[in-house]
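Q: What follows is each chain in one-letter form.
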Amino acid sequence: MTKNEREKQYACWLDSIRFLSAAGKYKLLETAKTAENIYRMSEGDILFLLGAKDSGRVKQAKKEQSPDRVYEMLQKAGINYTFCNADDFPQKLLQIPDPPFGLFYRGSLPDGEVPAVAVIGARKCSEYGHCMAGALAQGLGKRGINIISGMALGIDGISQRAALDAGARSYGVLGCGVDVVYPKSNRPLYERLTVCGGVLSEYPVGTEPKPMLFPPRNRIISGLADAVLVVEAREKSGTLITVDMALEQGREVYAVPGRCTDNLSRGCNLLLRQGASAALCAEDIINDMGWDKVLTNAQDDKKKGVSSYINVKDLTPLSRAICGLLDILPVTQDTIIMLLREQGYTETVADICKGLMELELGGMIERTGGQYKLRDDIALKH
Amino acid sequence: MYSSVITGAVTGIESTLCMVETDVAKGMPGFEMVGQLGNEVREARERVKVALKNAMVEIPAIHLTVSISPADLRKEGASYDLPIAVGILVGLGVIPKESVSGTLIIGELGLNGEIKPVRGVLPIVGCAKDSGLRRCIVPKENVSEGAVLCKEAGEGGMEVIGVSTLQEAIGYLKADEEKKASLIPPAAGMAYGCLGTDGQILDFADINGQESVKRAVEIAAAGFHHILMIGPPGSGKTMIAKRIPSILPDLSTTEGLEVSTIYSVAGMLENGRPFITKRPFMAPHHTISEQALAGGGRIPKPGIISLAHRGVLFMDELPEFRRSTLEILRQPLEDKKIHIARTRGNFIYPADFMLVAAMNPCPCGYFPNRNQCSCSEGEVKRYLSKISGPILDRIDITVEAPKVDIKQLSANGANEGSADIKARVIGARNRQLERYQGTKYHFNAELAGGDIKRFCPLGAKEQELMEQIFTRMNLSARAYHKIIKVARTIADLEGVEQIGCGHLSEAACYRMNDTKYWS
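Chains as they are written, first to last, in our numbering: chain V, 1 to 382; chain U, 383 to 901.
For reference, chain V alone in the conformation it holds in the complex:
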């Protein structure tokens, strides 16, 4: 066993103690120099450094768990571990204030050489956010940029899925133990991430998700990235807290503009007002960051073009009018009928339904929850 490996065992043992702060652990390491020394530290020294409560926890852990056993169990569960003194610890994290002491992870750690963008935003996102997060993450992913996010509902999951679909690697930083899938509905994404990227957490294995655990993990999301992209955020939201951390860490901040009247775009527009850069498409970020020289050109997907099934020219005038009415925000059939009537179309409901079906089968429009919208890729191309 290499020295490095043995150090990891001891660090892992220390990191598996619940409720110890990263700062406390760093304090121990500073005095002891190596993780092994921390384990062998006298009770008095630990008490001096950590105070009564935390030193009690360390003492308890010493009694209950031995470092090699903790590490062995971890490996049996397919979980890896790294800590700040190890060679494979992400260097980007060492540059941030209050870095994590160690990271538990499944899959792999992000390669520090590859540019990485953190895509963050609201959990309850709108169709617009859905569309933009997907398009931007896909655009970045196609150029081989890593997408870092929190594997949450909404923007997080959408962007990570899009990146994986585009063939990029993506990393999810969790606010719970790395073996806990939260939210449960993201289980498929979790499995994909462990194969094409990784899931990371600074919290001990088995930690249940708690509201207070999420804000600290956001510093890791922005810390692992070179730039932070905000897709949709309310005025007072966790997303904006992450942005503050990113700015503290010296990361570039990009925001997707939205309508002034949309609650979900208020946060983004506010950021833009405060001087964040606007990201209208993936290339905006790539050019701004000067990555276009580093990265290989994306495979030319122009050839494929928009993969709709029908040609706009083949559409009936009614269908073309319907197409003109729709954008990515879903509207009900009744609204479509009303708007058509305003334009002077007098076709029956049955005919309009026929037109909608033609467009849907033709791949121009989509139906979500009984409402119609233009397909994302077609809307973006307009």
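Note that these hints are calculated values from the structure, not bench results.
Possibly wrong hints are sitting among the right ones.
Using 25 Å as the maximum straight-line C-alpha spacing, the simulated DMTMM-like pairs for lysine to aspartate or glutamate come out as follows [unchecked claim]:
#1 K373/V <-> E849/U
#2 K373/V <-> E761/U
#3 K789/U <-> D45/V
#4 K210/V <-> E759/U
#5 K843/U <-> D314/V
#6 K660/U <-> D802/U
#7 K804/U <-> E347/V
#8 K59/V <-> E43/V
Given the coordinates of chain V, work out where chain U should sit on it, guided by the hints.
A: Positioned in the frame of chain V, the structure of chain U alone reads:
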């Protein structure tokens, strides 16, 4: 002396004739009653004794035995009072025996001798008519209900006589046969159609905009499809639902009789309007109990779903209903009747209704508009999951009702009225009746399995379109069949025998909202 009087009993909505046998004998004075009697029937003893006294009939010290047969049938209710009293009088020789032969007597007695209305007169009189009896004596307040069945009074048909007091009844029965008609003339059969709409008439002309919802409702009414309307608060779902009865075809005579019978059993027929010709509209509040919906109680009564028989059952705020209450609908939606088993026996009530349901897409009502909706994804899922798959499976048409625009509200354009829509619906109904003659079906919505292929054949082009829709939209086999059934109704509305691509396309627009709502 022995006497027997015919009366009737209702079980479920079926009725049977009963015989009240009375034996008047000398001996120890007493009053015995047998025949599996419920408490109310037992109490008849006191009511009858006092009512007879107050009707100035003196009862000597005798031993009375009353038996109500068939003895294995449980008797409930107060409708046996009058036949028991008459039986005693016949036994005493006050009333001649001949005058009660072939006569059905039913009614509750008050202590002062007045005769009070009872439930279930309509089915009992119907049963008497089928058995060939010549006369029914019923409480005055129930007389119009009973008379529904004998349009041609007198001419060899059955007479229905309404009496309001015991003395009147005695006087009538004592009178000679020729004088009877002048004493209390038999109630004339009311013309069908006496129960109109109550009060205000709701018309579709009141509704601005909402064209596709109106269209979906028209299709649902034509094919008797169950329909679900989803939309934010204030989008007019309830308003539209309340107008559905105005476009449904009037009840046929047989249907009207079925509905009236249920209402008679439930004691809900209004005096003077004994026959229901309009389709019922039932809108239970979402706090309704299982028993109230399904029917039941110690002495079972029809529930709301049976009162909505041949009409509309409107369930507003569908997910707010208790899950267990909703699950009750499963059997009636499938079998068109409900089977209730209680300690007092098994009852089958018809429940062939058109389910019209309305709901918000999420607890706050604005999903998927994320700028207004504040519900978390979990909350939305939980809200929607209150409606189970088996219930959703039975709903053919789903339609989204949008928030109404101010422009639409203030528009003054003439909207199509209910009468025009109703004419189209009736046309489609007639086409269906013709098509399904000699089969077990009445409406397109009932079609199942192989019969869908038989009655809804698709041409090559249509088949191709359906295949496209099926694969592109990731449909289940059930959704596929629903689209074809709805397309059949759309074609019927248009008066076309062959289902076309346009019909299928439109039907596909009303399919269950798959991906977003129920995934």
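Q: Now tell me, hint by hint, if it's right for this structure.
A: Hints, one by one, checked against the model:
1. Taking the CA atoms of K373/V and E849/U, the gap is near 23 Å; set against the 25 Å cutoff, the hint holds.
2. Among the hinted pairs, K373/V with E761/U is consistent with the structure: their alpha-carbon atoms are about 24 Å apart, no more than 25 Å.
3. For the proposed pair K789/U and D45/V, the alpha carbon gap of about 76 Å is over 25 Å, so the pair is violated.
4. Between K210/V and E759/U the alpha-carbon distance is near 18 Å, which keeps this suggested pair within the 25 Å criterion.
5. With a CA separation close to 19 Å, the supplied pair K843/U and D314/V stays within the 25 Å bound.
6. Using a Cα cut-off of 25 Å, the hinted pair K660/U and D802/U holds, with the two alpha carbons roughly 17 Å apart.
7. A distance of roughly 21 Å separates the Cα atoms of K804/U and E347/V; the hinted pair therefore holds under the 25 Å criterion.
8. Of the pairs offered as hints, the one joining K59/V and E43/V holds, with about 7 Å between alpha carbons and a cut-off of 25 Å not exceeded.
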